[in-house]
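Chemist: Make a model of the complete structure from these sequences and hints.
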Amino acid sequence: MNKTMKLAAVMLLGLTAPVMAQDIKVGTIFPLSGGAGPDGQTVTNAVKLMVQQINDRGGLLERKLVLISKDDESTPAVGVSRANEMIADKVDVVIEGWNSPVTLAMQPILARAGVMDITAVSKSDLILSGQTNPYAVRINSSNGFDAAVIAKYVAETLKAKKVAFLTQNDVYGNGFQAAVEAEFKKLNFAGEVIMTEKFAFKDTDFRVQLTDLKAANPDAIIVTNSSNSSGLPAMVEQYRQADLKSPFVGAVGIMLTTVFKVAGDANNGIVSADIFFPDLPPFTTMPESASFVAAYKKAYGAAPDKSAALGAAALQVWAHAVEATKSLDRKTVAEAIRGKTIKATVFGDAQFLPNGQMQPRYVLFRVVDGKNAKLEALE
Amino acid sequence: MTAIESRPPASMPLLRTACIVGVSVIGFFLPRLLGGTSAAYSTLTTIAIFAVMCYGVDVVLSYLGEVSLGHTLFWSIGGYTAANLSVKYGLNGWDTALATIALCVAAAAFLGAVTLRTREFVFSLVTYAAAVVAYEVAFNWDAIGGSDGIVGIAALKLPFVVTTFSGATEDELWPVAFVLLLLTLAFISRFRRSRLGTTALMVQMNPALAASLGVNPRRIRLAVFIISAPITGLAGWLYAYQRAYVGPDMFESYFLVMMLTAVVLVGRRVLIGPLIGAALLIAQQNLLSLGGDWNKIVLGSVLALVLIFWPAGLVGLYRRLSKNKP
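Those protein sequence lines, which keep their order, are chains B and P. Under this note's numbering, the first sequence has 329 at position 328, and the numbering climbs by one with no breaks. Under this note's numbering, the second sequence has 306 at position 301, and the numbering climbs by one with no breaks.
Derived from the structure by calculation, the hints contain no laboratory data. Treat the numbers as computed from the prediction; the structure is a model and nothing was measured. Among the hints, a few may not be true.
[Stated by the list, open to error] Now the in silico label distances, taken between C-beta atoms and shown as ranges: (1) B:Lys91 to P:Asp100: 34 to 42 angstroms; (2) B:Lys341 to P:Val119: 55 to 63 angstroms; (3) B:Lys91 to P:Gly305: 31 to 39 angstroms; (4) B:Glu324 to P:Trp299: 52 to 60 angstroms; (5) B:Phe202 to P:Trp299: 23 to 31 angstroms; (6) B:Asn373 to P:Val119: 38 to 46 angstroms; (7) P:Ala134 to B:Lys91: 43 to 51 angstroms; (8) B:Ala183 to P:Gly95: 41 to 49 angstroms.
[Claimed, not checked] Mimicking BS3-like on lysine-lysine, the simulated pairs with C-alpha atoms at most 30 angstroms apart in a straight line are: (9) B:Lys341 to B:Lys375; (10) P:Lys93 to B:Lys332; (11) B:Lys153 to B:Lys186; (12) B:Lys26 to P:Lys162; (13) B:Lys187 to B:Lys332; (14) B:Lys203 to P:Lys301; (15) B:Lys203 to B:Lys246; (16) B:Lys91 to P:Lys301; (17) P:Lys93 to B:Lys91; (18) P:Lys93 to B:Lys49; (19) B:Lys124 to P:Lys301; (20) B:Lys26 to B:Lys153; (21) B:Lys332 to B:Lys344.
Just so you know, even glycine gets a beta-carbon here, dropped at the ideal spot from N, CA and C.
Modeler: See the structure below:
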């Protein structure tokens, strides 16, 4: 009897085995070539590492994860083709998005096909508007949150009375300035904006603006500059040469490795904020984050930056939701993320707003040793 | 093969019509013959749209002998018109298509008038500059989308007599793309044999003869340029519905290089040339992709090699090879 039971069980397993053994397909679409290629490769590598870790632990829902990575070439039209290929490949989730226009172009394609879509990096507010994808999820912080943390620092920590803006004259720069000014209003900011100096994205000579700012002598200069390999380092150098006394407060996410490499110690004293650091608390004390940093260093020989953490978190969040709901269905998985808290990610316990935005946890920092990109966290 | 030579023999109109109908029917069912998968529908729909986009450039290149680098402007006008009018005013597909044609004609009339006296290099440069200016406007003007573009374009709706045709998915959009392609082919084939088409060719090939016949070359140039614009514009119009998102990327060189390569690859003044060119390029990118950087290197090299060695395209190469045979 016992033997027959066993036999039946084995047969049953045998019958269900092909279904159970079917792999779960994870797709990534990031730029892997061109100017943003290295960045997209970093995110893809982080996702790959997480997939390996889950497979090493026995997979997800007892099924193996396979990764399909594609290159959107930073071109929306190419991204659309890649999204269609993912649909043809019948992937269970797509983690995508370095450039907002590429994300916005792929979003309706994936949504129509009912594919779960997690945006890792792209920051546009339209992504979460719900118009094209009612189940959108995004890991990176939004411009609104970024502005709030900078406004709060300037108004409440620096207690600045006179504020100046040094603003990149495009949608990014002007949008960020408008958001900071809106936050000032919300905070009943007692000071005033005494000056706004503008420049173009491609500019490398800021001496005229800096001379004006020096004469006005504000209590803080809020800077947006997304040209991190030429414009921003030049600006930092010229800010030092002009010997301005006003603190340099950089917008969230502008202090990238290239700025430290080019401008070195001229960066010392700059204050800015971001949402992930491999070597600053609280991330050094979070077990999930510390183990990710160690594993990433071992696999790729360098510490992971914010974009790597965003990619890793995207996969973790999705995997936790799949595990919790025992489902791969888009709606079920998305509803387990949106408005919920996902525990133990590289960002710690990740809280999601009802619109799918991960609530960022900012760290304000000051540059102490620019040459070695050493930062100190501010409270 | 000039337009004049290629005139079909008039004695067999029935056979010719039957051939055209047969090929059209096969073409219509091609996605189903290729398996009927969503990938087949989306690839073929994209090929049809991109081919129509290329035909606008083809008209200017084949019949004026000029390289327009400004047709991304008309492509974008189509996309932005469809997006803005359908999202903000809820207009249906017919209205947005009519608006696209009107705006493209207006833009082409202006640009054509400005470039009336320019030739070759200067013509290309001025058309390119126009597209660059339009890009900056689209990128910075939030009212029409700004740098983020426009999301939430609803499915294409074409009310027809008593029923409404709706194109929400790729397999529903395919008939629209296919009909647009057929109409474009019919229009181009008619244009080749029209008085305007043949005169334009004469102005390009033998300006002295044209002048002696009292032809006003500027009028002809302007007319051909204006005709070419709504063709590319309507492709952009349908692309907006296919992608459900329109942004300043429609001005990108990706589309410009696609237009130029597809047209010169097969050869000028070959009716189905741009269609074959677009199909080859999309197939390479989607089926035989070598990765982003390599794809661009391949595309650029193909364009350069064709222009250097076989300026008449694959058709010219074929003709040269077949001539060498004993």
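Chemist: If a hint holds in the structure, say so; if it doesn't, say that too.
Modeler: To see whether the hints hold, each was checked on the structure:
no. : hint                                     : verdict
1   : B:Lys91 to P:Asp100: 34 to 42 angstroms  : holds (38 angstroms)
2   : B:Lys341 to P:Val119: 55 to 63 angstroms : holds (58 angstroms)
3   : B:Lys91 to P:Gly305: 31 to 39 angstroms  : holds (34 angstroms)
4   : B:Glu324 to P:Trp299: 52 to 60 angstroms : violated (39 angstroms)
5   : B:Phe202 to P:Trp299: 23 to 31 angstroms : holds (29 angstroms)
6   : B:Asn373 to P:Val119: 38 to 46 angstroms : violated (56 angstroms)
7   : P:Ala134 to B:Lys91: 43 to 51 angstroms  : holds (46 angstroms)
8   : B:Ala183 to P:Gly95: 41 to 49 angstroms  : violated (31 angstroms)
9   : B:Lys341 to B:Lys375                     : violated (34 angstroms)
10  : P:Lys93 to B:Lys332                      : holds (29 angstroms)
11  : B:Lys153 to B:Lys186                     : holds (11 angstroms)
12  : B:Lys26 to P:Lys162                      : violated (35 angstroms)
13  : B:Lys187 to B:Lys332                     : violated (35 angstroms)
14  : B:Lys203 to P:Lys301                     : holds (25 angstroms)
15  : B:Lys203 to B:Lys246                     : holds (26 angstroms)
16  : B:Lys91 to P:Lys301                      : holds (28 angstroms)
17  : P:Lys93 to B:Lys91                       : violated (34 angstroms)
18  : P:Lys93 to B:Lys49                       : violated (42 angstroms)
19  : B:Lys124 to P:Lys301                     : holds (27 angstroms)
20  : B:Lys26 to B:Lys153                      : violated (43 angstroms)
21  : B:Lys332 to B:Lys344                     : holds (20 angstroms)
Hints 4, 6, 8, 9, 12, 13, 17, 18 and 20, counting from the list given before, are not met by this structure.
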